[in-house]
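Using the sequences and the accompanying hints, generate a full structural model.
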Amino acid sequence: MKLTKRWLVLLLSLVLVGAACGDDDDDDAGGGSGTLEEVRDRGTLRCGVNSVLPGFGLVDEAGNYTGFDVDFCKVVAAGVLGDAGAVEYVPLGVEDRFTALQSGEVDVLLRNSTWTATRDGQEGLTFVFTTFYDGQGVMVPADSGFTTLEDLADANVCTLTGTTTELNLTSVFNARGIPFNPVTFTDSAELRPAYEAGQCEVWTSDRSQLAAFKLAIESEGGAEQHIMDETISKEPLGPAVRDGDSAWAQAVQWSVMATVIAWELGIDSSNVGSFTADDANPAIARFVGGAAPGLGLDADFAVQIISQVGNYEEIYTEHIAPLGLPLEGSTNDLWTNGNGGVMYVPPYS
Amino acid sequence: MGGRHFAGRPSSVATAGKLVSSPTVDPTAQRHPTAVWYRNVRVLRFVGQGVAVVAVVGLLAWLFNNLVNSLDRLNIGTDFGFLDRPTDFQIPFDEGFDPRSSVRSMVLVGVKNTLVAGAFGIALASILGVLIGIARLSSNWLVARLATVYVETLRNIPPLVVIIFFGFAVFTFGPFPILRDAEGLSLFGNTALILSNTVWGVPSLVAGDGTGMFWIFVLAGVVLAAGVARWRTAVGERTGRPHHRVAYAFGTLVAVAVAGAFVAGDVYSVSWPAISENGRRILGGFQLNFGFISVAVALGLYTASHIAEIVRGSILAVPMGQSEAANSVALTSFQRYRHVVLPQALRIAVPPIISQYLNLVKNTSLGVAVSYAEITFLTQSSIGNGRPAPQSIAVLMGVYLVFSLTISFVLNLYNRRIQLVER
Amino acid sequence: MDPKRPIIEPALDEPLLVVDAPPVEKLPPRLWIRRRLFSNFYNSAITVVLLPLIAYLAYRGLLFLFVTARWSPVRENLTLFMVGRYPRAELWRIVAQLIIWSSALGLAWGAAVSGARFRAAQAGLPYREDPLLAKVRRYWALLSMLGLFLLMTQSYGPLLVTAAALAAGSLLKSLAARVPGRHNVLLWAGVGVLGVVGYQIVSGFHGNGWLWMGAPVALGVVSLLGRVEWPSQSRWRVVRLGAVVGVFAIAYAVYALVGTPGVGWDDWEGFHLNLITATVAIVLAFPLGLLLALARRSSLPALRVMSTAYIELIRGVPLITLLLMSQTFIGFFLDTDTPLSSLTRSIAAFTLFTAAYVAEIVRGGLQSVDRGQIEAGQSVGLSSFAVTRLIVLPLALRAVIPAMVGQFIALFKDTSLLSIVSVADLLFVRRVVHAQEAFRAFGIAETLVFVMLAFWAVSFTMSRESQRLERRLGIGER
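Protein chains in written order, with this note's numbering: chain P, 1 to 349; chain L, 350 to 772; chain B, 773 to 1250.
These are calculated hints, taken from the structure and not from any lab test. Any given hint could turn out to be false.
Claimed, not checked - Estimated spans, in silico, between C-beta atoms of each pair:
#	chain 1	residue 1	chain 2	residue 2	range
1	B	Gly-896	L	Leu-412	58 to 66 Å
2	P	Gly-121	L	Asn-418	47 to 55 Å
3	P	Asp-300	L	Val-405	36 to 44 Å
4	L	Asn-418	B	Gly-919	49 to 57 Å
Unchecked claim - Which chain B residues stay away from chain P? Per the calculated CB distances, all over 10 Å, these:
#	residue
5	Gly-833
6	Gln-869
7	Gly-992
8	Tyr-1024
Said to hold, decoys possible - Partial selection, computed: residues in chain P whose CB lies under 10 Å from chain L:
#	residue
9	Gln-102
10	Asn-156
11	Phe-185
Positions of the beta carbon are idealized from the N, C-alpha and C atoms, including for glycine.
Now the structure itself:
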């Protein structure tokens, strides 16, 4: 069969054209320093979130994102851009959550990621704050009578794949000499029926997740569940940004911490308007007046955050408390409340 | 297309710079015997190839360079040293695996699991596929329709959905109890089969002292059987009577094997499955986990629908005259299939069936949906746990390439052999 | 000559006339039961065993579907399943796309009918079209799926949209069927234009869309100009080149001036994503695959080796590994400032994968063209370019169409793998739905059945059409 160069050239150009025709809405985002300016130029914040995690990142029927981490995306947007609605949510899976941040596809990762040394070092991330002190827990049916981890020898343990859950499970159980058999799934929609059918006797995940599903199972008339007191590992969850951009890291950090500072000071979205820069309490005056130059944030960033989104307590109460985890007395309670909580922020001065 | 009329001549055949030669005599060479170098086809072909190779190699080098730079920038290693580091996670349903063993051994476990699931799936798909393919042509309307429904349903659902659905239907929402409550089916006073919704226990054979000697006997028996088959074939050709060479050869093999079993002594003992004390494990026997069964059986069912279509098409491709001739010498329908139709049909069917086998092995990569520890699942887990992605995926692709190139090679051998036989 | 095959057969529609076909035996019910179900002992035994089994299974199935199943997760999240998180304010784009593409399908159908009628007239044979009822029976799977879907909706919107789409398609089909066959090329160019418009009404009229728009318009214009008699061949060549360049220039100018924004790829999710991914991947993979097939058959060893290496490499690995590769590090290969979006990466993986399979299919088609055809073309003085265009490609592509449809079906089914790499296709949306508070603990089986039915309906319809096409084209028989 004969073919002339013209055909070849024509087809080659078609291929190149086809390759070039693609994502027409390319935004200008890059890695490294200058993320703050880039976000301000672009006018929107690109936030990497979860779309399938109860309480933290969910999508409702109308296609809107809701959740604890989602609200913190809004907090950062309100702090940096002054508009909590200027957020572009990018749903990320387990494989690509870190590469998305590294490559510049997202500016900040708020996808219930655990702060570990490996991630700080090897994955090129910088964790800025812990918004949620979680731990890895173990859930068993209440009528099984298991109370300690040693009772679980040889048991089938359901877990999600590709998370720190798997690693922690292995290291803790091996250290204590408990043999076990992991049964891993890619998502909770397959894990839950397996657990309820008895294919595994144990479900291990972050305690917040276990609480959510315990509530769901029991409210649907399923068997009663029991989350063991033993915590397998610490899981401090918080926002992460790229290495090498300290200005951006600080901006994100103080935006997020502003919610806790406001809680400490008793400011919430309903009364934030009543405080001014001349307040009798100097801490409140500084906070509302916003005299902290060099952070790269506007003077009224705290007011924007609290009025548009809310303080930490409001965010927590809206998203996490319905999972059956009350704020008062939990690890996430304010240190100053003296209830055993560890939420402690530096003063805004 | 509507008429397009030219007042001038039609275009000439010769054009300079053709990169693909015509099947007939190249008029260019004759018309321009002393072409200038830039019109000399040979020169142009050489230069063209050189340019193409340079372009492609350059492109690949540029891409690879980018990759290495990006990895260096992010402090991810670019070597394969991660293979020696410990795995750090436990493999589902594999008690013998130590999480401290290296990633290399994890890869081997994954390869083994993939091959085992593939083998079972292929066996199931072949048998079921041929049966259903024949059933589609049955004279019984109900059987034919049922087979059609089976094929048309399974062929049009993605294999991932089939696997998930099968896992749900048989295990999660299925009739089997949890292991603690499972009752075994007994045979000869021993528990022969334990069915639960996580694992199934079947008896296994455990090698004894005499196993090695037994297999030497079997090997000798195979050689002897081959010789017997050849002898019987020669006898058959000489006398013209049926040679029954398969029966003779098989009989020889069995005789030698039995003799070997007697001589060797303790050859194999049966290990019966039993539920452990705490009701969580099966001790003894062979343990099939629900991931394996889901993947192997679901993929077997799925691929059987494709194989059924191939078999049906190949049976229909056998000329009608063959069946009519078979009927005219009063062969029963079974004999017709066995001696006339199927041998011809299967010859046509073998290449596409072998490519379906390859598809099945590649589809075992969907085992991640039902927690089956095959190589793709293990690679994904290890990437999620911090192992470098490019190298892990390169290893993964290499594994599958080995499978597919082996199967293609077998296919090519088969094709060549068939062609020789025909000519 | 086979009495069942008429003299001239249209490529895409019904046969013209069945000449002297033997009458089909229609048995009365009792004889039929006797002959087909109880013809001998074995058959009778099988029937007796199977009938109650089938009845029981059918009963349980229907009971589940219509009585015991709780369809609320599907019912309330139907939009989510279909289009994911697409901005609800821009849903009119999807509606417009549906109607425009339905019109394009109707136009294509009409063009096929018109072409068939033209060829029948040329051969002097009467032309008769299938009645509407037969067409409805043909598409029963898709129509019943559509019916089930409409039953689940909670408002009248989808019903109106479906009705509008069907009406637009039928109107264009009947209009196009009346157009004389000489203008067939124009109709197909119109299909191309509608296809591009339908795509870009969602993605926006900007970027490189002018190329895709210019191509079918240029085809139509060139075909119109070709009907005129030109004084010389060189003049015709100049005019043709000028027309093509002019059309593309105008398209570019229009796009540069108008440039309306659309909704980017990142927001395309749900079932819509499965369909679009399959379509875009095969459209992009086709030129690449054609190139690879030609290179593989080339006499230049360098091209042959490189293309064979690529094809064997890609065909040897499962798609999921390519998807994993695309999700984790394909961005590292390109030194772009703009990181590629998740969907772009996935479509790149699908395109690379499909191109290898398309290359094999096209290679088979090219091989199937008889050498004698090429030699015949050369013997009447056609240039190699003309031989390729007028003889080889039509024959090869005709042989290749059923296999390409089969590849498209396989690709469509493979788009379900996007759920494994966390891209929000139909199967992944199922996960999203079950993370919602209301459906965290029930409806798991029902959503899976819904997803299965959605995939099955589309694949089954396409595979049936491909089988009909193969029968009509007589592949392997002539």
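Okay, the hints, checked on the actual structure:
{"no.": "1", "hint": "B:Gly-896 / L:Leu-412: 58 to 66 Å", "verdict": "holds, 59 Å"}
{"no.": "2", "hint": "P:Gly-121 / L:Asn-418: 47 to 55 Å", "verdict": "violated, 20 Å"}
{"no.": "3", "hint": "P:Asp-300 / L:Val-405: 36 to 44 Å", "verdict": "violated, 57 Å"}
{"no.": "4", "hint": "L:Asn-418 / B:Gly-919: 49 to 57 Å", "verdict": "holds, 55 Å"}
{"no.": "5", "hint": "Gly-833", "verdict": "holds, 20 Å"}
{"no.": "6", "hint": "Gln-869", "verdict": "holds, 16 Å"}
{"no.": "7", "hint": "Gly-992", "verdict": "holds, 18 Å"}
{"no.": "8", "hint": "Tyr-1024", "verdict": "holds, 13 Å"}
{"no.": "9", "hint": "Gln-102", "verdict": "holds, 5 Å"}
{"no.": "10", "hint": "Asn-156", "verdict": "holds, 6 Å"}
{"no.": "11", "hint": "Phe-185", "verdict": "holds, 6 Å"}
Taken one by one, the earlier hints fail for this structure at numbers 2, 3, listed in ascending order.
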